[in-house]
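Protein chains in written order, with my numbering: chain W, 1 to 694; chain D, 1 to 462.
Some hints here could point you the wrong way.
Think about it this way: if two alpha-carbon atoms lie no more than 16 Å apart in a straight line, the pair counts; the simulated EDC-like pairs of lysine to aspartate or glutamate are [said to hold, decoys possible]:
| no. | chain 1 | residue 1 | chain 2 | residue 2 |
| --- | --- | --- | --- | --- |
| 1 | W | Lys557 | W | Glu251 |
| 2 | W | Lys88 | D | Asp293 |
| 3 | W | Lys8 | D | Glu266 |
| 4 | W | Lys594 | W | Glu626 |
| 5 | W | Lys256 | W | Asp281 |
| 6 | W | Lys278 | W | Glu251 |
| 7 | W | Lys278 | W | Glu252 |
| 8 | W | Lys8 | D | Glu390 |
| 9 | W | Lys443 | W | Glu463 |
Covered stretches of chain D, as calculated for chain W (at least 3 residues, CB under 8 Å) [said to hold, decoys possible]:
| no. | stretch |
| --- | --- |
| 10 | 162-173 |
| 11 | 323-331 |
| 12 | 364-374 |
| 13 | 381-388 |
Only some residues are given here: those of chain W computed to face chain D with a beta carbon under 10 Å [claimed, not checked]:
| no. | residue |
| --- | --- |
| 14 | Glu9 |
| 15 | Ile10 |
| 16 | Val29 |
| 17 | Lys31 |
| 18 | Val32 |
| 19 | Phe33 |
| 20 | Ala34 |
| 21 | Ile35 |
| 22 | Gln36 |
Source of the hints: derived by calculation from the structure; they are not laboratory data.
We put the beta carbon where it would ideally sit given N, CA and C, even for glycine.
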Amino acid sequence: MAGKESNKEIFLKVYVYYIFFVLFMIGIVVKVFAIQYDSIGDFLKDDDLEEKIVETPAIRGDVLADRGEILATSVPIYEIRMDVKTVKDELLNEKLDSLGIMLQNLLKTKTAREWVSLIRRERENQFLLIQRRVPHDIKGELEKSPIFRKGPNKGGFIAIKQIKRKRPNGVLAARTVGLTRDNGMNVGIEGAFNMYLSGTPGKELRKKVSGGWKPIPNEFHQDPIPGYDVWTTIDLTIQDVAETELQRQLEEQDAKLGCVIVMEVETGQIKAIANLSKGSDGNYYEDYNHAIGRSTEPGSTFKLASVMALLEDRKMSLNDLLNAKGKYKFYDSYLHDSRHGGYGMISLKRAFEVSSNVIAEAVNTHYKNSPQDFIDRLNSFGLGEPLGIDLKGEPAPTIRNAGDEGWSGISIPWMSIGYEVRLTPLQILTFYNGIANDGEVMKPYFVSKVTDGARVVQSYSPEVLNPRLCSTSTLEALKSCLEGVVESGTGKSLQSASFKIAGKTGTARIAENSLGYGSDQDVKHQASFVGYFPADDPKYSCIVVIAAPNKDIYGSKVSGTVFTKIANKVFATSLKFHKPINELKNVESVPQMKNGRVEDIKLVMNMAGIANTVASADFEWGVTNEQSKKVLVEKRYIGPTVPNVVGMGLKDALFLLENRGLVVVVNGSGKVRSQSVEAGSEVIKGTKIQINLN
Amino acid sequence: MRKNETILDNIDWSLILLYFILTLLGLFNIYSASFNEDFPSLFSFSQEYGKQIIWIGISMFLGFIVLLLDSDILWKYAYWFYGFCLLLLIAVLFTKEINGAKSWLGFGSMGIQPSEFAKLGTAIAVSAYISTINIKLQSQSSAFYANLIILIPMALILLQPDAGTFVVFTSFLWVFYREGISYDFILGFILRLIPFVDHTRIKVGSNFIPLLVVSAILVVSTLLLSQTTISVFGTQMPGFYGLIFSIGAMMLIGLILVRITVMLRERKKLYYILIVAGIAASALVFAVNGVFDYLKPHQKDRIELFLGLDEDPDGKDYNRNRAMAAVGSGGFFGKGYHEATLASPSQGHVPMQSTDFIFCTLAEEWGFVGGIIVLSLFVVLLFKIIQIAERQRSTFTRTFAYSIACIIFYHVAINIGMTIGLAPVIGIPLPFFSYGGSSLMSFTMMLFVLAKLDSERKNVFR
Numbered sequence: 001m002a003g004k005e006s007n008k009e010i011f012l013k014v015y016v017y018y019i020f021f022v023l024f025m026i027g028i029v030v031k032v033f034a035i036q037y038d039s040i041g042d043f044l045k046d047d048d049l050e051e052k053i054v055e056t057p058a059i060r061g062d063v064l065a066d067r068g069e070i071l072a073t074s075v076p077i078y079e080i081r082m083d084v085k086t087v088k089d090e091l092l093n094e095k096l097d098s099l100g101i102m103l104q105n106l107l108k109t110k111t112a113r114e115w116v117s118l119i120r121r122e123r124e125n126q127f128l129l130i131q132r133r134v135p136h137d138i139k140g141e142l143e144k145s146p147i148f149r150k151g152p153n154k155g156g157f158i159a160i161k162q163i164k165r166k167r168p169n170g171v172l173a174a175r176t177v178g179l180t181r182d183n184g185m186n187v188g189i190e191g192a193f194n195m196y197l198s199g200t201p202g203k204e205l206r207k208k209v210s211g212g213w214k215p216i217p218n219e220f221h222q223d224p225i226p227g228y229d230v231w232t233t234i235d236l237t238i239q240d241v242a243e244t245e246l247q248r249q250l251e252e253q254d255a256k257l258g259c260v261i262v263m264e265v266e267t268g269q270i271k272a273i274a275n276l277s278k279g280s281d282g283n284y285y286e287d288y289n290h291a292i293g294r295s296t297e298p299g300s301t302f303k304l305a306s307v308m309a310l311l312e313d314r315k316m317s318l319n320d321l322l323n324a325k326g327k328y329k330f331y332d333s334y335l336h337d338s339r340h341g342g343y344g345m346i347s348l349k350r351a352f353e354v355s356s357n358v359i360a361e362a363v364n365t366h367y368k369n370s371p372q373d374f375i376d377r378l379n380s381f382g383l384g385e386p387l388g389i390d391l392k393g394e395p396a397p398t399i400r401n402a403g404d405e406g407w408s409g410i411s412i413p414w415m416s417i418g419y420e421v422r423l424t425p426l427q428i429l430t431f432y433n434g435i436a437n438d439g440e441v442m443k444p445y446f447v448s449k450v451t452d453g454a455r456v457v458q459s460y461s462p463e464v465l466n467p468r469l470c471s472t473s474t475l476e477a478l479k480s481c482l483e484g485v486v487e488s489g490t491g492k493s494l495q496s497a498s499f500k501i502a503g504k505t506g507t508a509r510i511a512e513n514s515l516g517y518g519s520d521q522d523v524k525h526q527a528s529f530v531g532y533f534p535a536d537d538p539k540y541s542c543i544v545v546i547a548a549p550n551k552d553i554y555g556s557k558v559s560g561t562v563f564t565k566i567a568n569k570v571f572a573t574s575l576k577f578h579k580p581i582n583e584l585k586n587v588e589s590v591p592q593m594k595n596g597r598v599e600d601i602k603l604v605m606n607m608a609g610i611a612n613t614v615a616s617a618d619f620e621w622g623v624t625n626e627q628s629k630k631v632l633v634e635k636r637y638i639g640p641t642v643p644n645v646v647g648m649g650l651k652d653a654l655f656l657l658e659n660r661g662l663v664v665v666v667n668g669s670g671k672v673r674s675q676s677v678e679a680g681s682e683v684i685k686g687t688k689i690q691i692n693l694n
Numbered sequence: 001m002r003k004n005e006t007i008l009d010n011i012d013w014s015l016i017l018l019y020f021i022l023t024l025l026g027l028f029n030i031y032s033a034s035f036n037e038d039f040p041s042l043f044s045f046s047q048e049y050g051k052q053i054i055w056i057g058i059s060m061f062l063g064f065i066v067l068l069l070d071s072d073i074l075w076k077y078a079y080w081f082y083g084f085c086l087l088l089l090i091a092v093l094f095t096k097e098i099n100g101a102k103s104w105l106g107f108g109s110m111g112i113q114p115s116e117f118a119k120l121g122t123a124i125a126v127s128a129y130i131s132t133i134n135i136k137l138q139s140q141s142s143a144f145y146a147n148l149i150i151l152i153p154m155a156l157i158l159l160q161p162d163a164g165t166f167v168v169f170t171s172f173l174w175v176f177y178r179e180g181i182s183y184d185f186i187l188g189f190i191l192r193l194i195p196f197v198d199h200t201r202i203k204v205g206s207n208f209i210p211l212l213v214v215s216a217i218l219v220v221s222t223l224l225l226s227q228t229t230i231s232v233f234g235t236q237m238p239g240f241y242g243l244i245f246s247i248g249a250m251m252l253i254g255l256i257l258v259r260i261t262v263m264l265r266e267r268k269k270l271y272y273i274l275i276v277a278g279i280a281a282s283a284l285v286f287a288v289n290g291v292f293d294y295l296k297p298h299q300k301d302r303i304e305l306f307l308g309l310d311e312d313p314d315g316k317d318y319n320r321n322r323a324m325a326a327v328g329s330g331g332f333f334g335k336g337y338h339e340a341t342l343a344s345p346s347q348g349h350v351p352m353q354s355t356d357f358i359f360c361t362l363a364e365e366w367g368f369v370g371g372i373i374v375l376s377l378f379v380v381l382l383f384k385i386i387q388i389a390e391r392q393r394s395t396f397t398r399t400f401a402y403s404i405a406c407i408i409f410y411h412v413a414i415n416i417g418m419t420i421g422l423a424p425v426i427g428i429p430l431p432f433f434s435y436g437g438s439s440l441m442s443f444t445m446m447l448f449v450l451a452k453l454d455s456e457r458k459n460v461f462r
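Take these sequences, add in the hints, and give me the full structure.
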């Protein structure tokens, strides 16, 4: 077609243009029409088109120990899943090996090869679990891995944010601190104080954007309100000892389970609570709160209540003699003393100290004609009532009334030595704590306050359950009994060099559900020791219960040793027991003071009880002038020039100098004696200034 | 010649009117697309609509100047303009990257994009070259130089990189087509390598360009469809089968049209051409699909990325989905001015909705009807320009008219095409509608230069 084109050809060409224009226009029209009418439904039902209102989870508050150590706090974790189906074959073939290596290195749960074969096998899975509980930083790395890098739609990467409770202090008091569970069945403090801890979820409008949901500010927006912090009464030091010693003893005795509670006598605050049970693998785990939730027959520790009843009802006095012949018959049943042949003629006090079952006979003698009197008396001590603690799961004590179902002629003697009644360790301890607290029964509690930052939202103070447990004379008598147990009775091995312990041992046969008390070959015992220390001025009460020990069975040997170790450690570390060697009545001479911020100077002097006078109130920096009986604080001029820091501490000097852009070289320690750049000279930023301290 | 009289008398006022309508519609569309409640006035010069007013003012001023100038300087200094544009294109390569490309020259928000002006400069240079007396595009050297003129700016634009403008420059091939360029020498060179083909007998002539473009469209369509499946009466089959069906359907329609419109003695030849074309097109589709399947994954990745098939880091797929959702939600009559939700500036999530995806706002607010009206205005404009081109005695003016017709057509087709999923997502503005000073100035000057040249159609014979 070389040469000049004909007109016809030109026309044809022009039509080509016209046709192209029109074709394209028709194409566009058809396509727009198709979009608007054919696929409009597709676009609209596509949920990623919509905005959605999401609840943004609030950060759960912390559970703290009594001095603010964190027992439980919240950190974000992620559940990583993969939509394998969405990943294209080519991408998968090319990059799966490198993804496998990344997963191996980051998660360390499977080898690269295992990952590759797993993902291949789950080719059709749209929600393949890669790993649960992935911390934030690892999730970030995963997000950058091959395939996953392509995002959720092409790379199939799914990260579900969750909030995990972490226990920076390990398992300490784990069960009491409690758990948060997805199903809402929270236990322990986490459960009981959930309303404070949980906070209020926020509301947020989110809109789908490339690669995720983008929060859009609007009028419905609500920021989540973080949960409050719950301060427990737990003392981490005591808790640590309690847990360590309990674990050691359980392992030594190869016991089934055990628990320890330490309570502050005066207030009823729980300072430590430990629960351990043997898992199927032979290790011990804190998986149930035995201390507050496991109601058992307490055994001999209950004798305290029986003796108290006898004394209060004036049926007996401590010096009344009893014939402890070692074998006591009630209808057709017998009770034996642990020492074969008994103890001969002994006083009631002695019977208590050696834990003779002659007490059962004594109680039976005095109450068999009016059994309900005994029950009423026990109930008057508050033993029949649950404590009403904050935490869930406290069973009510079982103390039958006369004539109830199952009541028999041997109920009174059996009850008097702690059988046919069921109490939790905490209920027993509360009773003993009442003795230690001079008859005032305190309600045990676990949480001292709830705070929102510095603001106290709710505070809990000690509560009295029973202001007067018994008469003073009975109280003194029982105290002497409890001391006697340790001095010369079953608890002799518990003696401590530096302070006196008072308490009671208990060795009870464990009733298995169906087997009764078991055959003689297969007897299981529960050894306990409950008491308080120091005996003459009780600060803490404590109960140790160990069930099914396999080496020894007696309370003093099994539980008493734990008690002693805890008591010793608490005594050694608690300042409460140690009076200051020389309490200063008043300051004879005024100590040297540093110059510095007036507020700080005042604070220090007020805390130390030093008389002081501040010249006037309107200055920030002061010079201290030690006079004979007091400190006079005068103003130090601090202006825009190089300040005079002589006489100040390093903290204040650094603050002032570096704020003015000077580079400080520090020499020595103590008070500033001299400065290399003269005060009052003009500040040149970056100049070095040397300060000498001594 | 009484110049003062002829300018006003001979100006094609319908062209100018079309320009004003499109520009004003564009402005009001931007006013909605980037509306900011804090600045409700159209004349808020801190906002895109306020700035666009300034750009319109500057553009019209430039257009007015163009009308006053002596048109001789255009072709006398054509290569100087061209050279100046090339200098700007080189200069821009030394600037800082903005959004991954070095395409802005100037200061902050009031910069210009040299690539927009390069289209105008190249159009003038191409027109000047082709209108030179001795140039015959059928000759090897003329074809070579003509192509060189467009290849240099294309190369520089690719360095920015600006894929969109690069593609727009291929519109000049259509100008060459009108002027009868022949690539037979290249074709012959290639065919010589194939045994049993007598290359001397194959003469495609100026039909090479349409064939090339049709082939290119077929290749791209095949690739786009190769990863999809369609369902025909319940049977699943690869997506490109649809393309084969379409080719078949078009052949049928073509045959029927030929039978109805063409005289008997010419039918045979056209039947023959249609059948060969249909078979060749189908073969091409199968071949491309076969080759693509044979490619290694990373090569496929690259092609898919280029075509916008794969989701790349910019999320182009997503952008287009949102854009299509906005278009789709407009319905027949639209939601009304300032009533867009999906393409609304405050709560919508259509990206770049005042520039590349401006059509969304239009389609959502004015619906199918609004979209068709604007589209029709563009088609009328293009027809008008071609009509103007064909009434010229001057090759220069005709070539220039074709140049700007093809440029505008490419812009409109690709811009709207990418918004509604007919074309790959390459960011080029919709003429007179997209926010932006450079493109508006460039398009304005194109039209006003054409108007000026056209007004002198009776005066000169170049």
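Checklist entry - Does the structure break any of the earlier hints, and which numbers would those be? => result Those not satisfied come down to hint 10.
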